[in-house]
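> One line per chain: the protein sequences are C and D, in this order.
Just so you know, we're using this note's numbering here: the first sequence kicks off at 14 and counts up by one.
Just so you know, we're using this note's numbering here: the second sequence kicks off at 194 and counts up by one.
No lab work stands behind these hints, which were simulated from the structure alone.
In this text, all values refer to a predicted model and were calculated from it rather than measured experimentally.
Even glycine gets a Cβ: it sits at the ideal position worked out from N, Cα and C.
You may find that some hints are simply not true.
[Claimed, not checked] Label pairs and their in silico Cβ distance ranges:
| id | chain 1 | residue 1 | chain 2 | residue 2 | range |
| --- | --- | --- | --- | --- | --- |
| 1 | C | Glu51 | D | Leu761 | 47 to 53 Å |
| 2 | D | Ser491 | C | Thr55 | 46 to 52 Å |
| 3 | C | Thr55 | D | Leu577 | 27 to 33 Å |
| 4 | C | Thr55 | D | Lys699 | 32 to 38 Å |
| 5 | C | Lys52 | D | Gly806 | 18 to 24 Å |
| 6 | C | Lys52 | D | Ser286 | 31 to 37 Å |
| 7 | C | Glu51 | D | Gly762 | 22 to 28 Å |
| 8 | C | Thr55 | D | Ile664 | 53 to 59 Å |
| 9 | D | Leu777 | C | Gly28 | 41 to 47 Å |
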Amino acid sequence: MEKALIALAAALAVGVPALATAYAQAKIGSAGAGTVAEKPETAGTMIILEAIPETMVILGFVVAIMLILRLA
Amino acid sequence: MVRFALWGVASRKNELVRTLHEMEVFHLVASPRVTSLPDGDLHKTRVIGATLLGMLEVLSWDEWNTLDDVQLERARAGLDKLTPDLANEVERSIESFRTRLSNLLQEKEALEESHRALRKSHQITSHFSGFLKEERASGNEVSLWWIVPSLQGSLLGRIRKVLKKHTSVKERVSLRYHSVRVEKDVLLAVSVPPSALEEVETLFRENGAAAWRAPHVFEKETPYASFSAVEEGLQWLPARLDEIERELSKTRKEWGPKLAALFIALDEQAEVVEVERGLTEKGELFFVEGWVPGDALSSVVSCLRERFDRDVLLSWRYPSDDEWHKVPTALSNPGPFAPFELFLKLLSPPKYSGLDPTVLIGIFFPFFSGCMVGDIGYGFFIALFGFLARRFGKSVLVSHIGSILYFIAGWSIAWGIAYGEFFGDMGHRLLHMRPLWVERSEAVMPVLVFTVVLGLAHVCLGHLLGLIEGIRHRHKHLWMEKLGNLVILSGLVLGIVIFKGWLPDKLFSVSLSAVIVGTVVLLMGGGLGGVIEYLGTIGNVLSYVRIGAIGLSSAILAMVASSFVDVLGISILGIMMALAMHLLNFVLALAGSGLHAARLHYVEFLGKFYVGGGIAYRPFGKRRSPSWKKP
Chain C
14 MEKALIALAA
24 ALAVGVPALA
34 TAYAQAKIGS
44 AGAGTVAEKP
54 ETAGTMIILE
64 AIPETMVILG
74 FVVAIMLILR
84 LA
Chain D
194 MVRFALWGVA
204 SRKNELVRTL
214 HEMEVFHLVA
224 SPRVTSLPDG
234 DLHKTRVIGA
244 TLLGMLEVLS
254 WDEWNTLDDV
264 QLERARAGLD
274 KLTPDLANEV
284 ERSIESFRTR
294 LSNLLQEKEA
304 LEESHRALRK
314 SHQITSHFSG
324 FLKEERASGN
334 EVSLWWIVPS
344 LQGSLLGRIR
354 KVLKKHTSVK
364 ERVSLRYHSV
374 RVEKDVLLAV
384 SVPPSALEEV
394 ETLFRENGAA
404 AWRAPHVFEK
414 ETPYASFSAV
424 EEGLQWLPAR
434 LDEIERELSK
444 TRKEWGPKLA
454 ALFIALDEQA
464 EVVEVERGLT
474 EKGELFFVEG
484 WVPGDALSSV
494 VSCLRERFDR
504 DVLLSWRYPS
514 DDEWHKVPTA
524 LSNPGPFAPF
534 ELFLKLLSPP
544 KYSGLDPTVL
554 IGIFFPFFSG
564 CMVGDIGYGF
574 FIALFGFLAR
584 RFGKSVLVSH
594 IGSILYFIAG
604 WSIAWGIAYG
614 EFFGDMGHRL
624 LHMRPLWVER
634 SEAVMPVLVF
644 TVVLGLAHVC
654 LGHLLGLIEG
664 IRHRHKHLWM
674 EKLGNLVILS
684 GLVLGIVIFK
694 GWLPDKLFSV
704 SLSAVIVGTV
714 VLLMGGGLGG
724 VIEYLGTIGN
734 VLSYVRIGAI
744 GLSSAILAMV
754 ASSFVDVLGI
764 SILGIMMALA
774 MHLLNFVLAL
784 AGSGLHAARL
794 HYVEFLGKFY
804 VGGGIAYRPF
814 GKRRSPSWKK
824 P
């Protein structure tokens, strides 16, 4: 039971930020696509901006790893 | 950069401007008149340039990087001196070419329109072709009408009555018709004897029906003739369209580079003329000034003195402190690091007195990226891509990307040795490779801690550079803010070390004092905003954990790829699955590592000290230098 709860916690630690990241990237992506259509020279900047919300899921992933390694 | 001023005799103005253009080092300081010169021939040149661009657009030619230097030089030689007569001649030639191109495109457009209409028409009429042939063979006439579905029954009844009038009891046969439902309407074909045709058609018209017609050009006297014309059209129209497309493709290939070269040459000439006319003149003298890179000064001076001797007066000086903001910035980095100047293309150039971070990016970017990839096999493939980009790349950009890939490949191999990875755990399985440091799929925490420490060092370096910049520019708030950040970070690190038991507890007061002093300095420098930025700094440091996290996912995916061979055996399926997985992982590793390493630089590192807002150095010269050759 304890292991199952740890696994659930780890899944939530990755899953919830992943949803948030996906939402943010969808918003940035659509705005970025519009910007690049108007100004193709901003493509590089837009790719970088698209990567910014990934911090959430990466930190979530690290938390999940720590949960599994430390507690399981 | 050196501020360079030049006075010359007006009679040699044109010659001198062209000499400056050939030198390609002089960054002109625009005089107010330069921007207000839409006079006669110059305006015409601009219009011709715009026409050329329009034609290239119409031809769908966009291969500026492949433009041959020979063609460019030929175009430049042809327009050596842009006289009004030459401009007129060029305009006439272009106009004639444009007309021919326009006719061809118009024909293509009209044919495409006809083709669409024909196909649509044929989709409907194909249902009637058999009926039409049969009825024609029996000597009847076929009439084809669009009707409202609800009228079909009553109309057919009335046509039968008409037929009864025109045929004897002996000849009488049942009414032959064929109908197809098309969206909301019905297309009805009825077969009637020629004598009854007129009356039947009148009947249709009286009931609000519309006669079927073939697309304009293919409309004939009878439906059968129109059907035949539509079918014939569907044979020759695509053939003619293919012919036009081939002709356009040939024109694009042959004329695209020529028109592009002509556009560049014209644009250069227009700029030269614009500069000539925009120079400040006083009686018999004219004046021009701008910026010249310090290392090119002696060659500029000797060249001008050699060619113009006493006809020019030269003067130069180094910029004073109060005009640094006007000085253009030219990036100049050692050869291996020059490709990393690419990263500053996404930002505004650094100020002349500011710091150029290219070398630091050149050191840390491939290091971080390689740390994420961390695989010897992948490293060799990245090097291969780098080689291909440098060998076959048709632009400076691609060549520079190739050079950057070499750096990433080097660090990927180095980190691969540290982690003992060669296509995941294949090195361990086949060659009994052992990690030089740790196996990152097993020892997760040490790698994550290492990346955070790496981030701490990188962020501290950013703050340190910000501190130096603040002191250099006597920007009190800036250096105090950076100093405060550094002191707090040092205090926190000391606190963690004490907490871990690596240093005696009595040093905790030092740690606490550092945090307090740092906070006070931070508040004095940046106020409450500085404190908020400090919290952001902690987030920035933690953000570097992505290096370990992405690396870990890459390592695990590589192991999963190799395990396909265990599960499916050494079979074609097993090997193909393993290769496909490795390919996916390689693409993800390369794209992810590059993207995230770039992000760490743009967001976490450069934000601490980089101040853009500089003026890019744009030497007055050729639009595209022929000096660049494939390495």
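> Could you run down the list of hints and mark each one as holding or not?
Taking the hints in turn, this is what the structure says about them:
no., hint, result
1, C/Glu51 <-> D/Leu761: 47 to 53 Å, "holds (49 Å)"
2, D/Ser491 <-> C/Thr55: 46 to 52 Å, "violated (40 Å)"
3, C/Thr55 <-> D/Leu577: 27 to 33 Å, "holds (31 Å)"
4, C/Thr55 <-> D/Lys699: 32 to 38 Å, "violated (55 Å)"
5, C/Lys52 <-> D/Gly806: 18 to 24 Å, "holds (19 Å)"
6, C/Lys52 <-> D/Ser286: 31 to 37 Å, "holds (34 Å)"
7, C/Glu51 <-> D/Gly762: 22 to 28 Å, "violated (54 Å)"
8, C/Thr55 <-> D/Ile664: 53 to 59 Å, "violated (34 Å)"
9, D/Leu777 <-> C/Gly28: 41 to 47 Å, "violated (22 Å)"
When each numbered hint is compared with the structure, violations occur for hints 2, 4, 7, 8, 9.
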